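Student: Sequence:
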Amino acid sequence: MHRIDIVKINEYLQIDDFNLNLILKCLDEIHQLPILQEQLLIAKHQIFMENQFDLSDELKAIVENNLQGANFFPLIVLLEKFDDVLKFYSKHNLPKEILHHTFSDVNLWIRNYKERYQKDGFEEIRWLKNHFKNEIFRLGRLQFIYKKNYLKARVYKHKMTKELLIVPHDQVEFDDEGFVKFTFPIAVPGLDTNIAYFSSEVTESETVINSNCLLNNGTMMQGNVIITKADYECILDENDYVLDVHVPGYEPLDTLKCKQSFEQAVQFYNTYFSEYSYKAFVCDSWLHTPHFKEILDADSNIRKFSSLFTLVSGVALNYAFLFFVFGTSDPDLDKLVRKSSLQEAVYNHLQSNKNLCVTSGLIMIE
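Counting with full-length UniProt numbering, you get residues 1 to 366 for the letters of the sequence shown.
In case anyone wonders, no lab produced these hints; they're calculated from the structure. All values reported here derive from a predicted model rather than from experimental measurement. For every residue, glycine included, the Cβ atom is placed at its ideal position computed from N, Cα and C. Heads up, some of the hints might be wrong.
Per label pair, the in silico range of CB-to-CB distance [claimed, not checked]:
| no. | residue 1 | residue 2 | range |
| --- | --- | --- | --- |
| 1 | Ser340 | His45 | 39 to 47 Å |
| 2 | Gln37 | Ser277 | 17 to 25 Å |
| 3 | Asp297 | Leu108 | 43 to 51 Å |
| 4 | Ser56 | Ser341 | 48 to 56 Å |
| 5 | Lys87 | Ser352 | 50 to 58 Å |
| 6 | Phe88 | Thr207 | 19 to 27 Å |
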């Protein structure tokens, strides 16, 4: 990749002149140092061949120790795939405005890096690789990924009353607040591991489903339930596909624009990917924590957005709120700077030794 290639790519990305110049200087450094050229090849293999979550710590350290200027190395790794992006959009006749809108995320993460570290650079490979692998599209206010249903639950609808019942999968563990046990392949600051858990027990025969609990408004409710198959139909199962919803930052969460995005998404996928079959919009987000009903005003945009969804289940994950609300991973609450009513509300809740949950929600597509 050469300078002219990045300049041409920027016709789509619209990165400002200041940051574009820093990216070009970073590319110059890579060209000047064989060790950085070698790391670039390794990085591309890690992300696009091995499908790693992120660059290895060893590779990151080598890059940091050899770069003199702003570290845009991770972005340059991604930009190496932009020709494939253009070919994909051309093959599927996707509108260029969708490409522009989708890849505006690059600018958001450059801005996020600056705010988080108080210096110029870029690091968000793990999220942005969705864009460069053509798996995500921004359609209006929201972003969408077509993927297999990841909810650990089945959704049943009564054939007459249309009542929904959400049943967790068998042997899902819940804490005493009714939230799912957290499991993730990395260490999480401040996570309490000394918790007794309740396990769901779900059995099925030809005529009924038996469960010792249900999911309601984002939490697990204990109680024996018998679902008669003659009366209920399963409308969302683990092998179904969904449109996974994500919310880009730095813009008001306008409910009307979000509703319009859902309509745009159905039209987009029906037009350009008519072979796809999907049953619901699914959104797993900190925006859906049930606790916001207690600590935010009823007319807040976050609560209005969340009310569009049927909440399924949540995981107590305070560090996610530190990252998305305060832009930090430091668990020391005394260091948090509160500039908004949201930050103040989240701070007060966490300061009271109460959890907040990343929660999944769904909207069935008729």
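Student: Does the Cβ distance between Lys87 and Ser352 fall inside 50 to 58 Å?
Tutor: With a Cβ separation near 53 Å, Lys87 and Ser352 satisfy 50 to 58 Å, so the hint holds.
Student: Using the beta carbons of Phe88 and Thr207, state whether their distance is inside 19 to 27 Å or not.
Tutor: violated, 47 Å
Student: Please test the hint of 43 to 51 Å on the beta carbon pair from Asp297 and Leu108.
Tutor: violated, 26 Å
Student: Within 17 to 25 Å: is that where the Cβ-Cβ distance between Gln37 and Ser277 falls?
Tutor: About 44 Å separates the Cβ atoms of Gln37 and Ser277, which means 17 to 25 Å is violated.
Student: For the pair Ser56 and Ser341, does the Cβ-Cβ distance stay inside 48 to 56 Å?
Tutor: At roughly 40 Å between Cβ atoms, Ser341 and Ser56 fall outside 48 to 56 Å, so the hint is violated.
Student: At the C-beta level, are Ser340 and His45 separated by a distance inside 39 to 47 Å?
Tutor: Since the Cβ atoms of Ser340 and His45 sit about 42 Å apart, the hinted range of 39 to 47 Å holds.
When held up to the earlier numbered hints, the structure conflicts with 2, 3, 4 and 6 and fits the remainder.
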